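Basically the working numbering = 1-based index in the sequence shown + 83.
What the hints contain is simulated information worked out from the structure, not anything from laboratory work. Do not take every clue at face value.
[Said to hold, decoys possible] What follows is a list of derived Cβ distance ranges for each label pair: (1) Asp136 <-> His212: 38 to 46 Å; (2) His106 <-> Arg130: 26 to 34 Å; (3) Ala126 <-> Asp197: 30 to 38 Å; (4) Arg109 <-> Cys190: 25 to 33 Å; (5) Leu214 <-> Arg141: 30 to 38 Å; (6) Arg191 <-> Asp136: 32 to 40 Å; (7) Phe93 <-> Asp204: 22 to 30 Å; (8) Ile129 <-> Glu95: 14 to 22 Å; (9) Asp136 <-> Asp223: 42 to 50 Å; (10) Arg139 <-> Gln219: 32 to 40 Å.
As the structure is a prediction and not an experimental result, all values here were calculated from the model. We treat Cβ as the ideally placed atom computed from N, Cα and C, and that holds for glycine.
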Amino acid sequence: MRAYIAAPLFSEAEKAYNLRLDHLLRELGLETYLPQRDGGEAAPLIRQGLDEDAVRRRLYDADRAAIDECDLLVFLLDGRVPDEGACVELGIAHALGKPCVGLQTDCRRFGGTDSNNLMIDYTLVWTAHSLAEFTQRLSDWLARNAVPLTATSQPRNR
Numbered sequence: 084m085r086a087y088i089a090a091p092l093f094s095e096a097e098k099a100y101n102l103r104l105d106h107l108l109r110e111l112g113l114e115t116y117l118p119q120r121d122g123g124e125a126a127p128l129i130r131q132g133l134d135e136d137a138v139r140r141r142l143y144d145a146d147r148a149a150i151d152e153c154d155l156l157v158f159l160l161d162g163r164v165p166d167e168g169a170c171v172e173l174g175i176a177h178a179l180g181k182p183c184v185g186l187q188t189d190c191r192r193f194g195g196t197d198s199n200n201l202m203i204d205y206t207l208v209w210t211a212h213s214l215a216e217f218t219q220r221l222s223d224w225l226a227r228n229a230v231p232l233t234a235t236s237q238p239r240n241r
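Full structure from sequences and hints, please.
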């Protein structure tokens with residue numbers, strides 16, 4: 084099973100955490116696509132003198148193909164608000180019928196609740212709030228779903 088990791092990748096801390104999440108997924112036996120590693124990062128390539136439009140098109144094509152090929156999308160919701168690019172990736176995966184699961188360790192949300200925009204919350208099959216909880220829930224989910232199901236056919240077990 085191949086997982087696409089939709090997460091912000093703009094600071095050293097974000098990139099390090101993404102690698103930690105990637106390692107966890109691989110330990111569970113999943114193949115992964117991590118955009119920062121497998122697609123590349125636009126800003127450094129453009130600073131090297133590469134054509135901006137060509138870089139952006141190449142990264143879009145690589146990431147979009149990986150979403151098309153994934154069996155599961157893992158959405159990292161951390162940050163004051165979820166990353167806008169990751170939200171688009173989530174929407175594409177959901178529209179393609181891919182199951183999407185969330186990890187939200189950041190508690191900064193409106194009203195002090197764990198709620199997000201309803202278009203995010205109801206797109207996700209489930210959301211975990213720590214790496215330990217995420218690991219357990221994903222292990223359980225993978226055991227029940229050896230053959231990937233669509234997000235709309237899965238029970239919501241928040």
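Exercise. Can you list which hints this structure breaks, lowest number first?
Worked result: none
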